[in-house]
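Single-letter residue listing:
Number of protein chains: 2
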Amino acid sequence: MGEFDFQAGDRVRIYTKAATYEGIVMPRPETGGKEHVTIKLDSGYNIGVLLGAVEKVEKLAAKSEKRQAKSELKFEKGKPEISIVTTGGTITSKVDYKTGGAYPLTKPEELLEAVPELAKVVSVKNIQKPFSIFSEDMTPENWGEIAEAVAKELNSSGVHGVIVTHGTDTLHYTAAALSFMLKGLHKPVALVGAQRSVDRGSFDGNMNLVCAAHYCLSDIAEVAIVMHGKSDDDYCIASRGTKVRKMHTSRRDTFRPINDLPLAKIFPDGNLVVTNTNHKKRTLGKVEADTKFENKTALIYYYPGLSPDILDYYVKQKYKGVIIAGTGFGHVLTQKENKKMEWLSHIKDAVGSGMFVGMASQAIYGTTDPLVYSSARNLQDAGVVYLKDMLAETAYVKLGCVLAHHKSPEEIKKQMLTNIAGEFNERIEPQSFLY
Amino acid sequence: MGEFDFQAGDRVRIYTKAATYEGIVMPRPETGGKEHVTIKLDSGYNIGVLLGAVEKVEKLAAKSEKRQAKSELKFEKGKPEISIVTTGGTITSKVDYKTGGAYPLTKPEELLEAVPELAKVVSVKNIQKPFSIFSEDMTPENWGEIAEAVAKELNSSGVHGVIVTHGTDTLHYTAAALSFMLKGLHKPVALVGAQRSVDRGSFDGNMNLVCAAHYCLSDIAEVAIVMHGKSDDDYCIASRGTKVRKMHTSRRDTFRPINDLPLAKIFPDGNLVVTNTNHKKRTLGKVEADTKFENKTALIYYYPGLSPDILDYYVKQKYKGVIIAGTGFGHVLTQKENKKMEWLSHIKDAVGSGMFVGMASQAIYGTTDPLVYSSARNLQDAGVVYLKDMLAETAYVKLGCVLAHHKSPEEIKKQMLTNIAGEFNERIEPQSFLY
Numbered sequence: 077m078g079e080f081d082f083q084a085g086d087r088v089r090i091y092t093k094a095a096t097y098e099g100i101v102m103p104r105p106e107t108g109g110k111e112h113v114t115i116k117l118d119s120g121y122n123i124g125v126l127l128g129a130v131e132k133v134e135k136l137a138a139k140s141e142k143r144q145a146k147s148e149l150k151f152e153k154g155k156p157e158i159s160i161v162t163t164g165g166t167i168t169s170k171v172d173y174k175t176g177g178a179y180p181l182t183k184p185e186e187l188l189e190a191v192p193e194l195a196k197v198v199s200v201k202n203i204q205k206p207f208s209i210f211s212e213d214m215t216p217e218n219w220g221e222i223a224e225a226v227a228k229e230l231n232s233s234g235v236h237g238v239i240v241t242h243g244t245d246t247l248h249y250t251a252a253a254l255s256f257m258l259k260g261l262h263k264p265v266a267l268v269g270a271q272r273s274v275d276r277g278s279f280d281g282n283m284n285l286v287c288a289a290h291y292c293l294s295d296i297a298e299v300a301i302v303m304h305g306k307s308d309d310d311y312c313i314a315s316r317g318t319k320v321r322k323m324h325t326s327r328r329d330t331f332r333p334i335n336d337l338p339l340a341k342i343f344p345d346g347n348l349v350v351t352n353t354n355h356k357k358r359t360l361g362k363v364e365a366d367t368k369f370e371n372k373t374a375l376i377y378y379y380p381g382l383s384p385d386i387l388d389y390y391v392k393q394k395y396k397g398v399i400i401a402g403t404g405f406g407h408v409l410t411q412k413e414n415k416k417m418e419w420l421s422h423i424k425d426a427v428g429s430g431m432f433v434g435m436a437s438q439a440i441y442g443t444t445d446p447l448v449y450s451s452a453r454n455l456q457d458a459g460v461v462y463l464k465d466m467l468a469e470t471a472y473v474k475l476g477c478v479l480a481h482h483k484s485p486e487e488i489k490k491q492m493l494t495n496i497a498g499e500f501n502e503r504i505e506p507q508s509f510l511y
Numbered sequence: 077m078g079e080f081d082f083q084a085g086d087r088v089r090i091y092t093k094a095a096t097y098e099g100i101v102m103p104r105p106e107t108g109g110k111e112h113v114t115i116k117l118d119s120g121y122n123i124g125v126l127l128g129a130v131e132k133v134e135k136l137a138a139k140s141e142k143r144q145a146k147s148e149l150k151f152e153k154g155k156p157e158i159s160i161v162t163t164g165g166t167i168t169s170k171v172d173y174k175t176g177g178a179y180p181l182t183k184p185e186e187l188l189e190a191v192p193e194l195a196k197v198v199s200v201k202n203i204q205k206p207f208s209i210f211s212e213d214m215t216p217e218n219w220g221e222i223a224e225a226v227a228k229e230l231n232s233s234g235v236h237g238v239i240v241t242h243g244t245d246t247l248h249y250t251a252a253a254l255s256f257m258l259k260g261l262h263k264p265v266a267l268v269g270a271q272r273s274v275d276r277g278s279f280d281g282n283m284n285l286v287c288a289a290h291y292c293l294s295d296i297a298e299v300a301i302v303m304h305g306k307s308d309d310d311y312c313i314a315s316r317g318t319k320v321r322k323m324h325t326s327r328r329d330t331f332r333p334i335n336d337l338p339l340a341k342i343f344p345d346g347n348l349v350v351t352n353t354n355h356k357k358r359t360l361g362k363v364e365a366d367t368k369f370e371n372k373t374a375l376i377y378y379y380p381g382l383s384p385d386i387l388d389y390y391v392k393q394k395y396k397g398v399i400i401a402g403t404g405f406g407h408v409l410t411q412k413e414n415k416k417m418e419w420l421s422h423i424k425d426a427v428g429s430g431m432f433v434g435m436a437s438q439a440i441y442g443t444t445d446p447l448v449y450s451s452a453r454n455l456q457d458a459g460v461v462y463l464k465d466m467l468a469e470t471a472y473v474k475l476g477c478v479l480a481h482h483k484s485p486e487e488i489k490k491q492m493l494t495n496i497a498g499e500f501n502e503r504i505e506p507q508s509f510l511y
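Sequences listed follow chains A and B, in order. With our numbering, letter number 355 in the first sequence gets 431, and the count goes up by one each step, no holes. With our numbering, letter number 62 in the second sequence gets 138, and the count goes up by one each step, no holes.
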């Protein structure tokens with residue numbers, strides 16, 4: 077590598093003017109990173125060292141010896157047990173030192189190679205791998221498979237909680253789906269992803285996994301996304317599965333609670349600070365996976381110029397319900413004079429045909445309100461159900477679940493307005509805005 | 077009102093244990109607020125007083141006398157001139173003291189009744205009122221009308237800048253539209269709304285207007301939304317028209333810059349702090365309104381379970397282009413094995429038929445990137461154009477403008493990737509996340 081004689085997988089000691097590092101050389105990422113070498117320290121953390129700053133390299137062991145040594149790592153028997161459901165994504169990929177490619181882990185012991193510090197917190201009873209795909213390739217059917225696997229593990233004796241590893245793109249959709257599908261949830265479920273791959277110095281999966289393990293041992297019996305709370309490695313936050321959204325394409329602190337405070341701040345040393353006392357507590361019992369989902373459910377994102385024909389299209393396609401992500405308090409164009417673009421008559425027709433029409437806000441933060449302006453009052457009179465402060469994405473997931481179980485418009489409306497999994501927050505703290 | 081003998085429009089002095097207030101009684105809002113009275117102080121600011129705390133009320137003048145007095149207010153001749161384009165919305169509504177209803181202002185003098193402190197900053201040369209509608213009722217056609225009116229005023233001699241008053245629901249869409257439609261913009265254009273109505277103690281329109289007036293006198297020749305920077309009355313921020321989004325349904329500091337720092341912090345006393353030096357400067361010249369917009373442009377918000385049939389629908393409807401708000405770095409389901417839900421073949425067909433397909437991210441913050449994951453690489457190979465850090469809403473508006481002027485796919489792609497109005501930011505400051 078560079079002018080020095082070492083390769084990915086070797087155990088080395090690297091000397092720079094500023095410091096000395098000892099650890100395993102990681103393979104180079106596919107894109108970028110040609111000017112530095114990444115070392116996995118024994119603590120499990122990765123560090124990037126500029127090749128230009130390297131003064132000397134001591135090769136302590138070649139890669140084959142290192143793999144031998146690593147595979148002897150074992151979870152300790154005395155630690156509390158959790159289970160893991162892996163679904164693909166960067167987080168539980170292991171790097172093949174020969175090809176540099178990433179492969180999903182399947183055995184508990186392999187997980188320790190990537191995240192040795194996990195053994196200090198928990199013992200892993202079982203790893204389930206229902207499938208392995210990018211999270212952007214997920215469908216509601218996958219949500220059901222994950223829910224089944226999680227329920228099975230949660231009901232397994234001795235298991236304190238379950239970690240689901242998952243790509244980050246649609247992690248919040250899955251979090252909402254599990255929140256609604258896991259009926260009678262009595263233990264913690266932590267969804268975890270990584271924004272940076274395991275071969276990079278900024279890999280976040282290790283700390284996220286450790287914090288997720290701590291969450292699984294907590295008293296909070298809710299589905300939560302557990303990932304970085306800040307861009308540095310200070311702490312993770314656990315955000316309620318129905319009130320969370322991916323807010324940045326690349327930052328490690330991308331998952332932010334919306335209209336809600338995080339359930340907890342979790343430090344890698346195990347210090348768990350409950351930041352939102354309004355949560356369900358761990359109980360005895362049994363969880364049931366209720367995975368039915370109505371695929372004829374849609375989400376429409378409104379914008380000026382969007383023709384109401386799109387609603388007619390969904391009616392024609394026999395959709396059972398739509399969520400509109402309207403503007404502001406929950407609006408679309410309703411001006412009667414604009415016959416070509418007004419939505420009111422189309423909404424009346426849709427509701428008349430038996431379709432459920434729910435309203436969320438594309439402003440993301442804050443709550444919809446049909447009483448402030450006349451346009452929303454007219455929409456409500458036409459049958460639109462205003463979904464308070466529920467996220468549009470959560471509303472879509474919830475509607476798919478509700479429509480699969482109920483046929484009567486009154487019952488559907490009632491269910492959509494019932495707080496099933498913390499999707500409504502009656503008292504939104506001001507500091508939750510842009511938290 | 078309550079047990080006291082006064083009504084909306086009266087000039088009163090109200091005594092409470094804590095303080096004494098003198099001003100005009102405002103009409104009660106349509107919803108809520110039955111337990112307090114709102115007084116417009118002579119400073120222009122409103123204050124709400126709990127009726128239960130009122131000890132004594134002195135009626136200084138009945139409502140008819142007050143209106144007489146107010147209408148004598150005049151803009152001072154010596155102040156620098158600006159023009160105003162009013163389009164409806166709460167901000168420039170006056171309250172009729174008889175009916176309590178809100179009506180749009182049409183004369184410069186009437187504006188002074190609501191915002192007397194404006195006269196200390198500027199003189200208003202002209203007020204244009206192309207139409208008066210809720211902003212949720214806006215269409216791209218309206219954007220063109222506003223652009224025409226703004227251009228006319230900007231080209232009028234002596235006018236330093238133009239304020240556009242507008243409802244807040246779609247203010248950011250209009251801001252993006254004006255950014256692209258005002259070719260050769262050489263003076264400041266400030267878009268202003270109000271989140272609270274003029275009859276409420278928390279009315280924000282006055283401070284927003286005053287700060288917008290200061291912005292019009294600045295050296296920044298860009299379209300910006302000028303509204304509260306924080307929830308209190310400390311200062312406003314001017315956010316670039318192509319990099320701003322309504323992020324809260326009700327808060328006064330709802331408009332936040334995205335992937336960009338605000339252009340300036342503006343204090344009501346006129347102190348304008350430039351917070352982003354990367355902006356166009358005021359020049360001599362003439363602006364031209366180029367208002368052509370292709371209505372066959374769509375924005376598709378992706379989510380797990382969204383059938384690619386929606387793309388076929390837009391192709392059949394002969395749409396010229398779509399923006400997809402994909403997940404993460406800009407993804408949709410591309411897994412080949414999922415024949416019913418994979419988007420790749422549909423996108424190939426759409427691009428093959430001559431449709432432009434652009435990719436933005438629903439994560440809002442951060443930048444799309446087709447090179448990190450193979451799914452995006454495949455989408456790019458199929459012809460999807462990745463639109464860097466451009467907001468999905470801005471990309472939709474820009475695409476409508478570009479498609480109205482260009483036919484060749486190469487030229488459309490080139491235009492969409494050219495930084496025309498600050499829609500791309502090459503260097504995103506970390507502190508702009510959740511600013």
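Treat each hint with caution, since some may be false.
Under the rule of at most 27 Å between Cα atoms (straight-line distance), these lysine-lysine pairs were calculated in the BS3-like manner [stated by the list, open to error]:
#1 LYS306(A) x LYS306(B)
#2 LYS394(B) x LYS394(A)
#3 LYS392(B) x LYS368(A)
#4 LYS372(A) x LYS306(B)
#5 LYS416(B) x LYS415(A)
#6 LYS372(A) x LYS415(B)
#7 LYS368(B) x LYS372(A)
#8 LYS394(B) x LYS392(A)
#9 LYS416(A) x LYS368(B)
#10 LYS372(B) x LYS424(A)
#11 LYS415(B) x LYS392(A)
#12 LYS201(B) x LYS368(A)
#13 LYS368(B) x LYS394(A)
#14 LYS368(B) x LYS392(A)
#15 LYS392(B) x LYS424(A)
#16 LYS372(A) x LYS394(B)
Okay, the calculated bits of chain A under chain B, using three or more residues with CB under 8 Å as the criterion [to be verified]:
#17 288-296
#18 342-355
Covered by chain B, per the in silico footprint, the following chain A stretches (three or more residues, Cβ under 8 Å) [to be verified]:
#19 210-216
#20 225-235
Just so you know, the hints here were simulated from the structure itself, not pulled from any lab data. Remember, it's a predicted structure, so these values are computed and weren't measured experimentally. Idealized CB from N, CA, C, for every residue including glycine.
Hint-by-hint comparison with the structure:
Between LYS306(A) and LYS306(B) the CA atoms are separated by roughly 22 Å; this keeps the pair inside 27 Å, and the hint holds. Between LYS394(B) and LYS394(A) the CA atoms are separated by roughly 23 Å; this keeps the pair inside 27 Å, and the hint holds. For the hint pairing LYS392(B) with LYS368(A), the CA-to-CA distance comes to about 32 Å; that exceeds 27 Å, so the pair is violated. Distance restraint check for LYS372(A) and LYS306(B): the Cα-Cα separation of roughly 42 Å exceeds the 27 Å cut-off, and the hinted pair is therefore not satisfied.
Proximity of LYS416(B) to LYS415(A) is assessed by CA-CA distance (about 36 Å); at most 27 Å being required, the pair is judged violated. Using a Cα cut-off of 27 Å, the hinted pair LYS372(A) and LYS415(B) holds, with the two alpha carbons roughly 18 Å apart. Of the supplied pair hints, the one linking LYS368(B) and LYS372(A) is violated, its CA atoms being roughly 37 Å apart against a limit of 27 Å. Restraint check for LYS394(B) and LYS392(A): the C-alpha separation of about 19 Å stays at or below 27 Å, so the hint holds.
Pair hint LYS416(A) plus LYS368(B) holds up; C-alpha atoms about 19 Å apart against a cutoff of 27 Å. Pair hint LYS372(B) plus LYS424(A) holds up; C-alpha atoms about 25 Å apart against a cutoff of 27 Å. Restraint check for LYS415(B) and LYS392(A): the C-alpha separation of about 23 Å stays at or below 27 Å, so the hint holds. Proposed proximity of LYS201(B) and LYS368(A) is contradicted: the alpha carbons are some 63 Å apart, above 27 Å.
With a C-alpha separation of about 36 Å, the suggested pair LYS368(B) and LYS394(A) falls outside the 27 Å cut-off, and the hint is violated. The hinted pair formed by LYS368(B) and LYS392(A) fails the criterion: a straight-line CA distance of about 32 Å is larger than 27 Å. This hinted pair checks out: LYS392(B) and LYS424(A) have alpha carbons roughly 25 Å apart, not beyond 27 Å. Between LYS372(A) and LYS394(B) the CA atoms are separated by roughly 25 Å; this keeps the pair inside 27 Å, and the hint holds.
For the segment 288-296 of chain A, the proposed coverage by chain B is not satisfied: 0 residues have a C-beta within less than 8 Å of a C-beta in that chain, short of the threshold of three. Residue count for the segment 342-355 of chain A with a Cβ under 8 Å from a Cβ of chain B: 0. That is fewer than the three needed, and the coverage hint is violated. For the segment 210-216 of chain A, the stated coverage by chain B holds: 7 residues have a C-beta nearer than 8 Å to a C-beta of that chain, and at least 3 were required. Given as covered by chain B, the segment 225-235 of chain A fails the check, having 0 residues with a CB less than 8 Å from a CB of that chain where 3 are the minimum.
In the structure shown, a violation is registered for the earlier hints numbered 3, 4, 5, 7, 12, 13, 14, 17, 18, 20, in ascending order.
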